[in-house]
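Keeping their order, the protein sequence lines are chains A and B.
Residue 21 is where the first sequence starts when you use our numbering, and the numbers rise one by one after that.
Residue 21 is where the second sequence starts when you use our numbering, and the numbers rise one by one after that.
These are calculated hints, taken from the structure and not from any lab test.
Please read all numbers here as calculations on a predicted model, not as lab measurements.
Built from N, CA and C at the ideal position, the CB exists for glycine as well.
Not one of these hints is a red herring.
Here are a few chain B residues that face chain A, going by a calculated C-beta distance under 10 Å:
no.	residue
1	103
2	152
3	168
4	172
5	175
6	182
7	203
8	242
9	249
10	250
11	280
Ranges of calculated distance between the beta carbons of each label pair, as one might list FRET restraints:
no.	chain 1	residue 1	chain 2	residue 2	range
12	A	72	B	98	51 to 57 Å
13	B	52	A	229	55 to 61 Å
14	B	50	A	266	57 to 63 Å
Below, simulated EDC-like cross-link-like pairs (lysine to aspartate or glutamate); rule was C-alpha separation at most 20 Å, straight line:
no.	chain 1	residue 1	chain 2	residue 2
15	A	34	A	112
16	B	104	A	277
17	B	34	B	48
18	A	104	B	290
19	B	104	A	290
2 protein chains.
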Amino acid sequence: MEPLIGSVEAGGTKMVCAVGTGPDDIRDEVRFPTTAPGETLPRVIDYFRTWQAEHGEAIAAIGYGTFGPCDPHPDSPTYGWVTKTPKPGWSDTDVVGPLREAFGIPIGFDTDVNGAALGEHRWGAAQDVATFAYLTIGTGIGGGIIIDGQILHGLIHPEVGHIPMPRDPAIDPFAGTCPFHGDCLEGLAAGPAIGARWQVPATELTPEHPAWDLEAHYLALACRSLVCTLSPQRIVLGGGVMEQLHLFPKVRARTLELLNGYVQAPQVLERIEEYIVPPGLGNRAGAAGCIALGQLALAGAP
Amino acid sequence: MEPLIGSVEAGGTKMVCAVGTGPDDIRDEVRFPTTAPGETLPRVIDYFRTWQAEHGEAIAAIGYGTFGPCDPHPDSPTYGWVTKTPKPGWSDTDVVGPLREAFGIPIGFDTDVNGAALGEHRWGAAQDVATFAYLTIGTGIGGGIIIDGQILHGLIHPEVGHIPMPRDPAIDPFAGTCPFHGDCLEGLAAGPAIGARWQVPATELTPEHPAWDLEAHYLALACRSLVCTLSPQRIVLGGGVMEQLHLFPKVRARTLELLNGYVQAPQVLERIEEYIVPPGLGNRAGAAGCIALGQLALAGAP
Numbered sequence: 021m022e023p024l025i026g027s028v029e030a031g032g033t034k035m036v037c038a039v040g041t042g043p044d045d046i047r048d049e050v051r052f053p054t055t056a057p058g059e060t061l062p063r064v065i066d067y068f069r070t071w072q073a074e075h076g077e078a079i080a081a082i083g084y085g086t087f088g089p090c091d092p093h094p095d096s097p098t099y100g101w102v103t104k105t106p107k108p109g110w111s112d113t114d115v116v117g118p119l120r121e122a123f124g125i126p127i128g129f130d131t132d133v134n135g136a137a138l139g140e141h142r143w144g145a146a147q148d149v150a151t152f153a154y155l156t157i158g159t160g161i162g163g164g165i166i167i168d169g170q171i172l173h174g175l176i177h178p179e180v181g182h183i184p185m186p187r188d189p190a191i192d193p194f195a196g197t198c199p200f201h202g203d204c205l206e207g208l209a210a211g212p213a214i215g216a217r218w219q220v221p222a223t224e225l226t227p228e229h230p231a232w233d234l235e236a237h238y239l240a241l242a243c244r245s246l247v248c249t250l251s252p253q254r255i256v257l258g259g260g261v262m263e264q265l266h267l268f269p270k271v272r273a274r275t276l277e278l279l280n281g282y283v284q285a286p287q288v289l290e291r292i293e294e295y296i297v298p299p300g301l302g303n304r305a306g307a308a309g310c311i312a313l314g315q316l317a318l319a320g321a322p
Numbered sequence: 021m022e023p024l025i026g027s028v029e030a031g032g033t034k035m036v037c038a039v040g041t042g043p044d045d046i047r048d049e050v051r052f053p054t055t056a057p058g059e060t061l062p063r064v065i066d067y068f069r070t071w072q073a074e075h076g077e078a079i080a081a082i083g084y085g086t087f088g089p090c091d092p093h094p095d096s097p098t099y100g101w102v103t104k105t106p107k108p109g110w111s112d113t114d115v116v117g118p119l120r121e122a123f124g125i126p127i128g129f130d131t132d133v134n135g136a137a138l139g140e141h142r143w144g145a146a147q148d149v150a151t152f153a154y155l156t157i158g159t160g161i162g163g164g165i166i167i168d169g170q171i172l173h174g175l176i177h178p179e180v181g182h183i184p185m186p187r188d189p190a191i192d193p194f195a196g197t198c199p200f201h202g203d204c205l206e207g208l209a210a211g212p213a214i215g216a217r218w219q220v221p222a223t224e225l226t227p228e229h230p231a232w233d234l235e236a237h238y239l240a241l242a243c244r245s246l247v248c249t250l251s252p253q254r255i256v257l258g259g260g261v262m263e264q265l266h267l268f269p270k271v272r273a274r275t276l277e278l279l280n281g282y283v284q285a286p287q288v289l290e291r292i293e294e295y296i297v298p299p300g301l302g303n304r305a306g307a308a309g310c311i312a313l314g315q316l317a318l319a320g321a322p
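Pulled out of the complex, with its shape left as it was, chain A reads as follows:
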C-alpha cells in the first residue's frame, strides 16, 4: 500500500492542504487564506492532525511547496525557511521546523514550482524526459527545472519570472508590473500584467483580442531563452493564464520564428507541439507536486 502523504501548497494568497498518494488518489483537500504564519502554520498542522484522527490513518510524510524565495538546501542553517519575501510577516519564517516538531515525520520542502515540475516528471507531461522546464504563468511567473531527473537548486533556486525581456515600446508601451524589474518576464506576461496593460481582467479577453499575440510573443521569448540556456527536452507551460489553450499554438509558432532555425533538433523543428505542452496533471499539478516532494523526503532525501 502506498504511504499516505500530506500536501501543502503554500501560495501567496491561499493555502491548499491535501492528503493522498498521487494525482489519482487525492483523498481530501481544504483551502484557506494565507494570513500571518503564526496563524496559518497552526491551521496546517491542525488540518493534518484532525484528518489522521478522523480517519484512523497515519500520514507518513509531508511535502510543502511554497511561494518563494525559500531555502531548499538541506545543509543550510535556514533550510526549510521562507526567506526575504515582500509578503508581510513571512520573511525569514521557518515552516519546516513547526511541521517536523508537530509530526516527527519526513518533511519535503521546495518551491511550489519545483514541486509541480517533479509532479509532472513523475505522473504528468514530462515522464519520458530527464531534463525539462516547467513554467507557471498566473498571478506571477515561476519556473521549476529538472536536470537529469533531479530538481535544480544551484545557489538558491531558479527565479525564471525575473529574466530580462526585450520590449519594443512602439508595440508595447506598457512598462511592466514587477516592483523589482519593471518589464521582466513576470512584469510583462503574468496575469496581472495582462489585466493592467489592457485595462480588462485577462479572463475577460476574447481569444481574438490582440493581447494574446503579445502574450504569446513574450512567452515565446521566454521559451527561446530557456532553450538557449538549459537546452530542455521539453517545456511545460502551466498556471491560470495557460488555461487559455488557444495560446499554445501561438507560443509554439512564435518560438520557432524567434529561434529562426538556429537549434536544429527535430523535437523543436518538427514536433514543436510535443515540445511546448500544457501540464499533464491540470489543476492537480500543485497537490500532486507536493505529494511528490513528500515522497522524495520519505525516500530519504533530507
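With chain A held as given, fit chain B onto it using these hints.
Relative to chain A, chain B alone:
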C-alpha cells in the same frame, strides 16, 4: 603516473592540438588553420601519431572540444558529429569516428565551452562549486554549464550566446551582428559586434571608451538571465573580450543594479567579486578543458 591525454580545440578559424595531463603539464602544442574537415582531421591525426612516435610515449585518450553545434549524446547515431553549422564543409561531419579509427582509444567529445567549463571545475575558478556557468566572450559567445558536477547537455547543448536581450535603440541603435537573431547576446556583445558598433576593433578601444559601459550592461543582463534561470553558484567569464579586465568591476556593479536586490544571497549581494570571476586557467583553459574531456572518456564516460 598520470595518463597522457591528447587535446583538440576545434575552433571556427584555428585548431589547437596539445598533449599533456593537465593545465600545469602541457608538453606540446601546435596550431593550424581550420580548413575543410578532409584536410583538417588527417592533420590532427598526423600530429598525435608523430608526437607518439617521436616521444616513444602512448596517448591514452583524446578530448575533442568543438565549435558548435554538435551532438554530444553518446547514445545518438550522430554522436561525435559537428551538426548543422554555417561553417563551410563542416555540416554533419563525424569527427570522433576518424579519431577512434586511427587510435582505438577513448575519445571525449563536447562543445569547446563545455570542455572549458569542465577544466575550470577541475583546476580553475570553479573548483569549490558544483553548479556554475562558464561564458566565453570572444569572436562569438558560448556557454558551458555544469550542474552538480556534470556537464549539462539536455536536448542538444546550451547556446547561451543566442538568448534574447533587451536593447534600447535610443541608447544603442546598433542592430546586432547575429545572422539568425540580430540583437541576441552574441549579436550585441561578442568582439565583432563591439568592433562593428564603434567602427574600431575592440582591442583598440581605451578603457575609458563608452563601449565598455555598454558591453558591461549587456554582459550583466546575461548574468541576470543566468542567475534567474540556473541559479549558478558562480559565473566565470572568459574569452578574448574579457581580457579587458577593467570590464569585471563594471559587469559586477551592473549585475547588482539589474537584479535590484531580488536574489537575496550573500554570495551575490556581499561577495559579487567572488561570484562573477575570470577563468582560473587563463589562456590554458581551452587545452585544459579538452584534456579534462579526454580524462572523462578514459574514466569510462562513453
